[in-house]
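Chemist: Here are the chains, one letter per residue:
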Amino acid sequence: MTQLLSVVDISKRFRGLVAVDKASFALDEGDIFAVIGPNGAGKTTLFNMIAGMLAPDEGTITFCGQRIDGMPADAVCRLGIGRTFQIVRPFPSLSVEDNVTIGALLHRSDVGAARSYARDVLAKLDLFDKRAVTASALTLPNRKRLEVARALATDPKLLLLDEVMAGLVPTETDRMVEILRGLNRDMGVTILLIEHVMRAVMALAGKVLVLHHGAAIAQGPPQEVVRDPRVIKSYLGAEVAL
Amino acid sequence: MRALWGAMTPRGKALLAILVVALLLAPLAVNRYLLSVLTLILYFVYVGQAWNLMMGYAGQLSLGHALYVGLGGYVSAALWVHFGIGPWLGVFPAVAVGAAFGAAIGWLGFRFGIEGVYFALLTIAFAEFTRIGFDHISFTGGAGGLFIPYEEKRLGEWWNLRGGQPFFYYVAFLMAAAGVVIAALLSRARIGFQWLAVREDEIAARALGINTFRAKMKAVLVSSGMTAVGGVFYAFYNNSLFPAQVFDIGRSIELILAPIVGGLGTIFGPVIGAFILTPLGEILITAIDRIGINAPGVKAVFYGLLLMIIISVVPNGVWPWIVQRFALVKRQP
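Going down the list, the protein sequences come from chains B and L. Be aware that the first sequence starts at 0, since it is given in numbering that gives the first Met the number 0, and climbs by one per residue. Be aware that the second sequence starts at 0, since it is given in numbering that gives the first Met the number 0, and climbs by one per residue.
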């Protein structure tokens, strides 16, 4: 297994508030890796640093042997990292198909070819029938799917998924798990996901990283991590206590 | 081109063909005054297309497009008046100067994150200080204006844009047709999709690998360059240029009304908008003249009212409404 992404000791502070505190982890090609942790643990900040939306204050991020920390978001995407947004950002007045076509145009200059690839991607995400619908008219679960489709259309080696299961009912979650597993298996896409839905994390991830107050408190296979007392205390137990 | 034609329903094709034929034959049927109104309409179709590429597609609001008209006009007219260089050649430096100013504005705005209304203010500022600058450039006649002499013997020199009303009408027609085709082709190309992405959500566009700075720069360059060509036409059609007139913000506003009324981000919006607004404005002025009221600015008030009505009745513009109502373009698959 070759290493695809390696994050070493990255930190990010917002006016003294430490959002991410010396987090380190690595992904091999073909991994499905989940980042979990309570709200405000720094998961999205971590994502934004990898995706190029924020530059880390310290530490390095290496993707395919190349330093990407501090690189602009569009350059990171061109290298092969696709991302979704936790708060979905479809192109609201464009059709679903045009949304995905724009992603597909990253590595295809011909609009016709991009469009037909976009349709393939839409079919994979159960959105083919909705392709002519204006994105703003989609339901939330479909918008989440559109986020994944659009990112996937850029032919990423690594897909960053920021809470794509949030707000889905269990059957929809199961379907999304199935879709993501298919992408990983059939297209060889490595997946890094932030997720609160433990049902999905347990079903999908080969490895889990737990963030708490910006620090990585545990890392390992999901079955081990959920039994870790620190994790139960800071995250899972806290959820139960709520 | 074939794909563009193929995207229309038979009804749309028929209407477009009728419109083109009617416009081509118009000089045979209408009088000189009506022909001048039609020329004006086609001019606004052309510059409306240029502005719409930047605003309607790439989402960058420019309220200073008169700058590019003025620069294109002044460069080509000055080359002609002072050096005898015809507009057929002068159009190239005209476009270069227009695009250079566009690039400067774009670079300042996009590099330093000046967006939306603030970007629009920047475009106004450039147009205004260029106006003031030209007031003091004696080479181009300063505030007193630059005049292209009317020479009887040159009237047939079409390459020098010398001719009568029918000639200028056909030039305007060609420009409008070219503007429509250019806009249609760009909007369906990769860059057109990148512009839409930038317009819709810049952060999401960047997350899809689009270099949004470069996409916006392309929009501003194409738009300013195209508009400068309109300026060359303006100069040789009117034979005179005054800084206070060509660079006036009123000119910039006038130029953006057709696409807004017709439908932002649509190919035929600027066309239908110009065909609605320009004749109404002319009718109004004629009517006021007949009645004998001296009311400067009445056209602006009228346009303002019309704009309010249209925005409240068909907020997306007239063209999207027509498309829906009469099925002129095939629905997306």
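Don't take every hint at face value.
Stated by the list, open to error - Heads up, incomplete: computed chain L residues facing chain B, CB under 8 Å, no partners named:
#1 144
#2 148
#3 202
#4 209
#5 211
#6 324
Unchecked claim - If you only want the chain L side, here are some residues facing chain B, beta carbon under 7 Å, derived:
#7 6
#8 10
#9 201
#10 206
#11 213
#12 239
Simulated from the structure, these hints should not be mistaken for lab results. In this text, all values refer to a predicted model and were calculated from it rather than measured experimentally. Even for Gly, the Cβ is constructed at its ideal location relative to N, Cα and C.
Chemist: Against this structure, judge whether each hint is valid.
Modeler: These are the hints, each one checked on the structure:
Of the supplied interface hints, the one on residue 144 of chain L is violated, with its beta-carbon coming no nearer than about 44 Å to a beta-carbon of chain B, more than 8 Å. A hinted interface residue such as residue 148 of chain L counts as satisfied when its beta carbon comes closer than 8 Å to some beta carbon of chain B; here the least separation is about 49 Å, so the hint is violated. Given the 8 Å rule on beta carbons, the hint for residue 202 of chain L holds: about 6 Å separates it from the nearest Cβ of chain B. A least Cβ separation of about 6 Å between residue 209 of chain L and chain B falls short of the 8 Å threshold, and the interface hint therefore holds.
A cut of 8 Å between beta carbons decides the hint on residue 211 of chain L: the least distance to chain B is about 7 Å, and the hint holds. A least Cβ separation of about 18 Å between residue 324 of chain L and chain B goes past the 8 Å threshold, and the interface hint is therefore violated. Hint status for residue 6 of chain L relative to chain B: violated, with the closest Cβ pair at about 12 Å, above 7 Å. The closest approach between the C-beta of residue 10 of chain L and any C-beta of chain B is roughly 20 Å, which is over the 7 Å cut-off, so the hint fails.
Against a cut-off of 7 Å between C-beta atoms, the interface hint on residue 201 of chain L is violated, since the closest Cβ of chain B lies about 10 Å away. The beta carbon of residue 206 of chain L is positioned within 7 Å of a beta carbon in chain B (closest approach about 5 Å), and the interface hint is therefore held. Because the beta carbon of residue 213 of chain L sits about 9 Å from the nearest beta carbon in chain B, more than 7 Å, this interface hint is broken. Taking 7 Å as the C-beta cut-off, the interface hint given for residue 239 of chain L is violated, the closest approach to chain B being about 43 Å.
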